[in-house]
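2 protein chains.
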Amino acid sequence: MSNIRHALSVKRTDDFAKWYQEVISAAEMAEESGVRGCMVIKPWGYGIWERIQRLMDERIKAAGVDNVYFPIFIPLKNFEREASHVEGFAKEMAVVTHHRLIGDGNGGLIPDPEAKLEEPLVVRPTSETIIGDAMARWIQSWRDLPLLTNQWGNVVRWEMRTRMFLRTSEFLWQEGHTAHETREDALEETHRALEMYRACAEEDLALPVVAGEKPENERFPGADETWSIEAMMQDGKALQAGTSHYLGTNFAKAAGIKYQDREGSEQFAHTTSWGVSTRMIGGVIMTHGDDDGLRVPPRIAPHQIVILPMLRDKPEDEALLAYCEEVRAALASQSALGEPIRVLLDKRAGKAAAKRWDWVRKGAPIVIEVGSRDMEGGKVAVLRRDDLWNPENGKPNFDFAEREGFISRASAILEEIQAGLFNEARERRDANITRGVTSMDEVAAFYSSGEQFPGWVEVQWAKPTGDALEKVVETLKAHKLTIRNVPRDAAPADGACIFTGEPALERILIAKAY
Amino acid sequence: MSNIRHALSVKRTDDFAKWYQEVISAAEMAEESGVRGCMVIKPWGYGIWERIQRLMDERIKAAGVDNVYFPIFIPLKNFEREASHVEGFAKEMAVVTHHRLIGDGNGGLIPDPEAKLEEPLVVRPTSETIIGDAMARWIQSWRDLPLLTNQWGNVVRWEMRTRMFLRTSEFLWQEGHTAHETREDALEETHRALEMYRACAEEDLALPVVAGEKPENERFPGADETWSIEAMMQDGKALQAGTSHYLGTNFAKAAGIKYQDREGSEQFAHTTSWGVSTRMIGGVIMTHGDDDGLRVPPRIAPHQIVILPMLRDKPEDEALLAYCEEVRAALASQSALGEPIRVLLDKRAGKAAAKRWDWVRKGAPIVIEVGSRDMEGGKVAVLRRDDLWNPENGKPNFDFAEREGFISRASAILEEIQAGLFNEARERRDANITRGVTSMDEVAAFYSSGEQFPGWVEVQWAKPTGDALEKVVETLKAHKLTIRNVPRDAAPADGACIFTGEPALERILIAKAY
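Protein chains in written order, with UniProt numbering: chain A, 1 to 514; chain B, 1 to 514.
It is worth saying that the hints were derived from the structure and are not from the lab. Being a predicted model, the structure only gives us computed values, none of them experimental. The C-beta atom is built at its ideal place from N, Cα and C for all residues, glycine as well. Just so you know, not all the hints are guaranteed correct.
Unchecked claim - Covered, in the sense of this in silico footprint (three residues per stretch, anywhere, with C-beta under 8 Å from a C-beta of chain A), are these stretches of chain B:
#1 11 to 24
#2 43 to 54
#3 113 to 126
#4 388 to 395
#5 496 to 509
Isolated chain A (complex conformation):
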């Protein structure tokens, strides 16, 4: 529709990375803080995170997992104990070495040389090693197992190249940490968490994901198995949106998490960890955003319906506000998607049309405009964010609805928008997974065909390990490609490995990735 004047200056097809930054800025989600690699999360971005937190937290609690809080500082000795864990994290951590500042004599401040810590502390990049210490104290017998804990908090990983929400030095997340009697129990928990993430991503964030196991080279440092959910962004790249790790007895051995088993002998516990972060918000933007800004799935929208009275700074405004307040109250007293509808009556000064575009860019699912003529006719003008433009005239696609009729349909419309965003994303994802590619040359050709957003390729392989896997990884890396995961629900292998020609053992997804 060339006659549509979109609300952003950059289109997705112009420059996806630039479009992403513009959405974040235009939707007032976040901004650079001036502190290296750290962002400021603004009210609309944080409101979406609060919704994700609440919905995920309900799922976590329903599984019998208890929330706890551990220190942000971790002593170096905790990292020294688990060699492969250090390897993975030691290169990118913030280290606290002093506990006081003094004046430098020129009006500035410096760390006080007299206040150097005997042992430096690391700002947690993840908490396995410190929660492991507590598990070692808390667990004596099989009766203390399973031990199921979760923490909501901030972590820091010193990233060289950062991008808002996707990769920041500090980010917000939850990290689950559990301990179990057996490998089977721990694996069951690893899969329960993975399935919880799949359900939250698909049902709450409307992000279709592929759940599967990461190849050996992509495992969490110190894990025996790492599972992930992978989502496809509109530029065809993959985003790892959550991970769940079976840690075997590796961390239990490092921290001394032992228990007396049912026969009375001492065993190491099997542990797991699992996490999702503010990164998910980046996934929501790159999945549901369009050339007018963000579209927030109703389940995670801080406001699902925004009412804009067309105020004229005149005495008549009072009656109009009263009418809008009645509409607000009637909507708020109903439920949609299992919760009371979240409605905002936006009374701020300013023209309704300008405010409309604010809310379009922010992606509120439904915007209602009400002028005095609407009020007199008992009507409201309804604009659905998922059906913004009238293709015939290129104008905003308002539905001038009877007030009572709209109120009675609101819940169904929100449910329709939630399902619609998910289905649109799933169809796009499914249409962009290419199967039947049988050689690395074909893979390379596929990604160099010039298609702007080529998507993912599913291939079969013989599951190489060690050096053989390293060679595969290097081959893919030369084309900026990575193995995303071995889909849990893929069809069994029935062909040859595209790397070695051996009989294939499983299917893997290959993609460019964030």
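Starting from the known structure of chain A, arrange chain B on it as the hints suggest.
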């Protein structure tokens, strides 16, 4: 009642500090982490914090304040700008100087000398200086005001002497930060936040508090006015449970928070900040705890009612569990104190009596025990945490109630417990504020009378400032006393200043404090 065998080994009157530690340990609230000054908050302690957070957050949102998130790291230059602010904080902050670790050649790790930060970063002790930077970017005109933000997070102040919940190097809190056109608007917000804290402390935590202004020497570094709510602990000491600051234009000048006023000229904004922390949980323990452990006010209890089936590891258990589940569901479908009742059916293995004492020490408001004989008679055995002992026989004071009768009374009982805890604390507090003391000698005599828990003294003073105030502070300090605040709701002064003999201007509360 000498025939009562209390559930703790230390009584409050034996050693209040030791009793406090025992409650925290016996109620499984928190424990030492092994990291200097930092604690691990365990599920029951964290569950109480989650309840406080939720209730406070509702109050914050209802006032139109938006939640946001700012970086945990603050550049040194932000502190250098506000001299009195540095003064107050610079001596106790964690300083990050490196962003990588390397091996020390002996299997250990050290900060990598090659990865020294050009400018060290401070782990936030509070966020005025970094949120001020954002306010300067966000505010241009009077139309952008008021700007109302709040952040939930962790902060670090390097404390030399720590005590769990009351004073820890890292703690969890919320910090509100607002900007306004005028002094009047900012003061109104300072008082709104103070009143919100009073209401939350009294209505949710059942902590009676005195709201009032801190004397000049107790102001937040950089503030023009600091207001607090002060609660009296059972040992008569005061606990500052929340503060609200009017910052004048001090931080606005340091960060450049300017706006164009209604007449078109440039003005500095007036800012406020206000916070409460996990310290409040220490106040709940020292206000409501008794010689059997904690008593959690129902509004902040993670579980308000705990059902303990008397399982016997026999096939009959199934019918008993089904009966208990019916009771649970019937209770959970009701509301108390404006929310659905939170009920736990504790199915863990182990004797009901042992589990009963776990929940008594944790302070669940109501514990129900159900054996097969109760089930057959359609009954439940109800134990109220606020009426634990039968004074006649020294045994737990069970009410053997008809199931339906109890279910229909549960909501009223919870409301009665909430009100009862508050009234008990308020009566104790009021009985322990001594008035009519007219000289410093009398104050000194009062606190050296040998009374174990002497409480607070209200006196009148001429509101000295500068050196004169410093002298008063030193005099009080010699007796380990402090000025808590100038109660907002105190009677007007009508006598002489106890320090100078001049006509008094206001009344102040003097107390030993945490």
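Here is how each hint holds up against the structure:
Coverage of the segment 11 to 24 of chain B by chain A is violated in this model, with 0 residues showing a Cβ closer than 8 Å to a Cβ of that chain against a need of three. Counting residues of the segment 43 to 54 of chain B whose C-beta sits closer than 8 Å to any C-beta of chain A gives 5, which meets the bar of three, so the coverage hint holds. Under the rule that three or more residues need a Cβ within less than 8 Å of chain A, the assignment of the segment 113 to 126 of chain B holds, with 4 such residues. Under a criterion of three residues with beta carbons nearer than 8 Å to beta carbons of chain A, the stated coverage of the segment 388 to 395 of chain B fails, only 0 such residues being counted.
Check on the segment 496 to 509 of chain B: 0 of its residues sit with their Cβ under 8 Å from a Cβ of chain A, so the three-residue criterion for coverage is violated.
Of the numbered hints given earlier, the model fails hints 1, 4 and 5; all others are met.
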